Amino acid sequence: MQSTTSQTGHTEAHDAHHEEPGFWRAYVFSTDHKVIGIQYGVTSLIFLLFGFFLMMMMRWQIAYPGHPIPVMGPILEKVLGDVASGGVMSSDLYNSFGAMHGTIMVFLAVVPLAFAAFGNYVVPLQIGAVDMAFPRINMVSYQCFVVGGVVMMVSFFIPGGAAQAGWTSYSPLATSIPTDGQTFWILGMVFLITSSLLGAVNFIATIIQLRAPGMTWMRLPFFVWAQFVTAFLLLLAFPPLEAAAVMQLMDKVAHTSFFLPTGLAIGGNLANVSGGGSPLLWQHLFWFLGHPEVYVLILPALGIVAEVVANNTRKPLWGYKSLVYASLAIGFLSFIVWAHHMYLTGMGTAISTFFQTTTMIISIPSVVILTCLLISLWGGSIRINTPMLFALGFLPMFGIGGLTGLPLGLNYSDIHLHDTYYVIAHFHYVVAPGTIFGLMAGIYYWYPKATGRFMSEFWGKVHFWTSLVFMNLIFQPMFAQGMAGMLRRMVDGGVNYSLAKVGNDAIGGLSDTMIGMNVGISHAAWLLGVSQIPFIINFFWSITHGKKVTSDNPWDATTLEWQTPTPPPHGNFATAMKVYHGPYEYSAPGQSKDFAPQNEPMR
Amino acid sequence: MEIPYVVQPRPDTGLYNAKLGIWLFLASEVMLFGALFSSYILLRIGAAPGAWPHGLLNIPIGTVNTLVLITSSITVVMAWASLKLNQFNRFKMFQGITLVCAMLFVCIKSYEYYDKFTHYEVIMTDGMVADGHLVEKSDTHITLKHVAVFHEGEGTAGDHHGEHREEMRIEAAQIRKMENYGPWHNTYLAIYFTLTALHALHVIGGAAVIAYLWGPGSRMWKTDPERFTNRIEISGLFWHFVDLVWIFLFPVLYLL
Amino acid sequence: MSGHSPHEIKASVRRYLLVFGALIVGTAVTVGAYYIDIPSVAMTVALAMLIASVKAFLVAGYFMHLMSERKMIYGILGSTAFFFSVLMYLTVWAHGQAPPGTVYLGASIAAAQHAPAAHPPASH
Amino acid sequence: MDGFVDFWRAVMGMPILASEHGHKVDYLVVVMHWLMAALFVGWILFFGYVLVRFRKSKNPKASYQGVKSHASSYIEVAVAVVEMVLLFGLAIPLWSQMVDKVPAENESTVMRVIAQQFGWNARYPGKDGVFGRQDAKRISLDNKWGDVPDDENGKDDIKVYNDLKVVVNKPVVVHLSSMDVIHSFKVIALRVCQDAIPGMNIPLWFKPIKEGRYQINCAQLCGTGHYTMSGGFLTVLSQAEFDAWEASQGGGGTTATSFE
Ligand code: HEA
Ligand code: HEA
Ligand code: CUA
Ligand SMILES: [Cu+2]
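In the order they appear, the protein sequences are chains W, H, P and V.
Anchor point for the first sequence: position 295 equals 295 in my numbering, and the numbering is continuous, going up by one each time.
Anchor point for the second sequence: position 139 equals 139 in my numbering, and the numbering is continuous, going up by one each time.
Anchor point for the third sequence: position 35 equals 35 in my numbering, and the numbering is continuous, going up by one each time.
Anchor point for the fourth sequence: position 20 equals 20 in my numbering, and the numbering is continuous, going up by one each time.
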């Protein structure tokens, strides 16, 4: 697997000359970056929906603990057996849905969609390349992703069910739960990590080697920069998690004690392990990936938003260079803040000072990025279309998510907020109305390039406004719940607190208002689900019925992906590209049009 | 339509694609082994005083294996140089030696594994420990050879304490606990097996690629010699990296 | 790795053989040092790591041609080396920097039974 | 400052507070949110204004230059400065005070807490003020603490399950550990949260200032019964009540000598 990767990649260019590839070569085992991009896109959208589905069922349990889930309950019972007996979600099932919601959303939905799908489709086009540097490795990367996904899916149906230890899989819990779900999780992760690593190598090599003549570093569209930094994060942060996964696998199957300390007593009796391991070692290795990972989730979305904003304000991005340098700074810093997830594992002053300081510092480049994007709007001639709506929606949502990271970043305030719904709200604001909106913007924006047709504007706007409203109705109340002390990962939605208050007159139970919010949030979540129906229909319907584009460049954009035939053929460009100027020459003085494509010299 | 810089380096970066690709890949490999290496250090620092075993491995065997791997490294680079000098037959010879070395390395490693899996620590009901290699096992008794016998809690295997016996028979009834020196035995063995197994997988993977390029893959020499030479360079870079990992593993696991 | 004229290659082949010799010697010294039993553990570790680093440098520098490689590669490997040291250093540092009074039970299982410092009892 | 914090605690819906250091936790949370609110409100006003003023129908021709002023850089610097002030002025010194200045144990209520799936074991040193010897290797179903048999110091130790008692206005020092998986000892009203990690024994301390019965929560996913670990309670008693309780536990004496 390893070293073959780098050598086998370049054969296609010869073989695939001219003759039309058959169905399998064209759609399933394709090495064309655009096909692979679309494969990634569709697969990850399905996973996104599935991850959301799990959460919609969990939200029922949170809102109405112990009540059978309508519609889905009997199905779950039939398919999964005892864990859903009577159609009620058991604690184990809740835990495994929770772990799998996190895992699927992060590793099977957003990373493949944001990084692999958009990256594959758009990056080679934007830099004027004919394909990725290693097309066959690209295909293998997608196949590893599918295998990883299948392994994860299969784990739902094995006895005992899927992994139950949270997406963070902390040892010793992960090793001590007596099911094979965790083993599947680890194996699945190894495939997903391999897939991402292959992708990362490919992206970096492509961006460095295959830029068209004249496409200098400071002429790269910001989206390419974002993907470039993201690829480096994946390249260097994922292997430690892979190492950790190998060790956890050893703990699980070879009964080693990498993460199991001496004197461990599971179920009251001394565990039969040699001991001598360190539970915190897992956390360090996990978060060494985990933190860069969150920037992997956000950077591509920022890149998309930047493209859409520049295009729809009809003016250059404000502070292009600051954006680039800020992304590089984020990339660099994201490797040295990870232990802010571990403040309460027992940290002395020196080490926590270090991690708090780096955490505060990393917020500065994010502020710079958001400020640049905001100021870019000033002086624009702002066109409101669906992609732009999602991009504009992204900005304040990311702002809320990012700002609420700050009180978590200071350990003293984290004492109160740690592991409450405040954290849940914080990161969902960045990943759901944040990243997902960014990705939606990208889908609506590049759809005409990929299919030659627009998605419906009307339904797009419906999709946006309903999503915006429900997202906020879901996640805003969670801040309040978190402030009030409601903890995450509670199968009873926190009812225990109020029981404590009622039954035992203890102080510290949650008020009925706080518990009551669960119901409202859940309804909002289901309505959010309903709001996706127009999108899904729009998405498929428009492939054949959408409004046809009248030109190859329907948005009057400057970047190279719009200077190709629509949809771009194998090999991408009709003529070799040459680049004359920066990416965002909109409304430049003295031009005949209000946009100057990068491959046309400016007057 | 042709992907550029597959063979010739791109002028401004001075690299052909695969060369950049393999270095990026190796960077991620550095992080992979680096994480395991960091884990080793952390676990070792965290180990109870005196609990970290020493001298469990056979140093002469390890040294020989180190030499084998170093030899394969020089033959890999000589093979590449031969291609550069247009001497295909010498390439075949050198790369052939590389493959032999790779096989030798894996065989020696397997022997070492086998040795650990037959090495038992037997704790007896009277609180004595017998530590040696299993010769025979039946329902009624076991037989060990090269046995060290010491009191439980006094010393560990490999530190050459205790009384030595050539062979020892232990009745089943006397045995309280019996465990071989597999990864489950202690943290040191856990990290030893994990690191060396991962390394061995890299050796096997690298050897498979080299074997392919030595056998069927070498046909490309006739059609596209430059590209073929690049492939040899790339596979060589990977092979050297595997060697490099071993350069650290050997002292860390065998000697310290 | 620009000019690979036959002449240059022959020169590098000589260099490869020298490096090969040096690697063998390095291995011999490492093993030898183990057998002569240096009294200080720190010295043993330092020596072993020093020799390993020299050997690594030779392999990477000459066999892998890093000595004459492009800046781009240096950049990639430099940052990798940096992030690797960050990972190693910070985790080990964090391990030693737990709040004062923290006890790692594994490391003190033997000691804890006797040492009051492990669980300071209330004094009278 | 207390009044200020109390006011905002109410506004932000933060729970009842019953510990001394909790004021500072809440203070930091409140101040952080002030900063965040200021940034966000400023940001969103600008955002709204720009969207209205520069919409296409109003401003058909975009300006190539855009903003020329560098005000934003000053705002960014200001944000950085405020963050650093909060960091170095509040968070770091407060944290260091918490972890480095553990009060003397003879002036505190001392206990060991060992979390398990799914409850809280606590142990007090009893009359002699000395904990009995424990040996992790001896842990078993009927010897949760791994007590070494016949240890004199251990005879008077008080062991409780899910029902912890401490004294009001007197520091409490907890040596926290776990038997099985990672748990997290969280008492919301006391603003206490610390992970209980098997293989580690971590000290934490707080000073309760209000009597009452508080719920202990487990803040770290620890398996099927994670949520049921809210079944643990920490009761803050007056010294007299505590002494009486201690005496009633068999091991303890009638006076508070064990801790003084
Ligand atoms: C895309 C994902 C993403 C992003 C971008 C971030 C960004 C940040 N995160 Fe978040 N975080 C997560 C995803 C993310 N996080 C996840 C998934 C978890 C939980 C994991 C788990 O436990 O399961 C988490 C948890 C988490 C914790 C641990 C909490 C705990 O468990 O107790 C912390 C603590 O420091 C933290 C901090 C931060 C900080 C400081 C940022 C900063 O980078 C934010 C910087 C951004 C801003 C500061 C806002 C931008 C600026 C403005 C609004 C402009 C203001 C205007 C002007 C100046 C003009 N995050
Ligand atoms: C990228 C990451 C990501 C995303 C996007 C989401 C999205 C959502 N999450 Fe999740 N969440 C996590 C990552 C994510 N989450 C993680 C890591 C955890 C912690 C897990 C743990 O504790 O270990 C968590 C935990 C978590 C919890 C806490 C559970 C608990 O602690 O007990 C809750 C509770 O409400 C929740 C809710 C939601 C909701 C309502 C959404 C919604 O925003 C979902 C929105 C989704 C959509 C809108 C779907 C759109 C899909 C389509 C439109 C499909 C189209 C398809 C085709 C065209 C084919 N999440
Ligand atoms: Cu214990 Cu959660
Ligand atoms: Cu983080």
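Quick caveat, the hints were computed from the structure, so don't treat them as lab data.
Remember, predicted model here, so these are calculated numbers, not experimental data.
One or more of the hints may lead you astray.
[Stated by the list, open to error] Anything over 12 Å on all C-beta distances counts as not near chain P; from chain H, calculated:
id	residue
1	I45
2	T63
3	K84
4	L104
5	N180
6	A208
[Said to hold, decoys possible] Incomplete in silico selection of chain H near chain P, CB under 8 Å:
id	residue
7	T13
8	V30
9	T66
10	V68
11	M78
[Said to hold, decoys possible] Example chain P residues on the side facing chain W (calculated, C-beta under 8 Å, incomplete):
id	residue
12	S68
13	M72
14	S85
15	M88
16	W93
17	A98
Beta carbons are placed, not taken as given, at the ideal position from N, Cα and C, and that holds for glycine.
Hints, one by one, checked against the model:
1. I45: It is violated; I45(H) is separated from chain P by about 6 Å at its closest Cβ, not greater than 12 Å.
2. T63: The assertion about T63(H) is violated, with a minimum of 5 Å to chain P.
3. K84: Answer for K84(H): violated, closest chain P Cβ roughly 5 Å.
4. L104: 16 Å, holds
5. N180: About 23 Å separates N180(H) from the closest Cβ of chain P, which puts it past 12 Å; holds.
6. A208: 20 Å, holds
7. T13: 6 Å, holds
8. V30: 5 Å, holds
9. T66: 5 Å, holds
10. V68: Since chain P brings no Cβ nearer than about 11 Å to V68(H), farther than 8 Å, the hint is violated.
11. M78: Holds. Min distance 7 Å.
12. S68: 19 Å, violated
13. M72: 7 Å, holds
14. S85: 11 Å, violated
15. M88: With a closest approach of 10 Å, the M88(P) hint is violated.
16. W93: 6 Å, holds
17. A98: 5 Å, holds
Hints 1, 2, 3, 10, 12, 14 and 15 from the list above are not met by this structure, while the remaining hints are.
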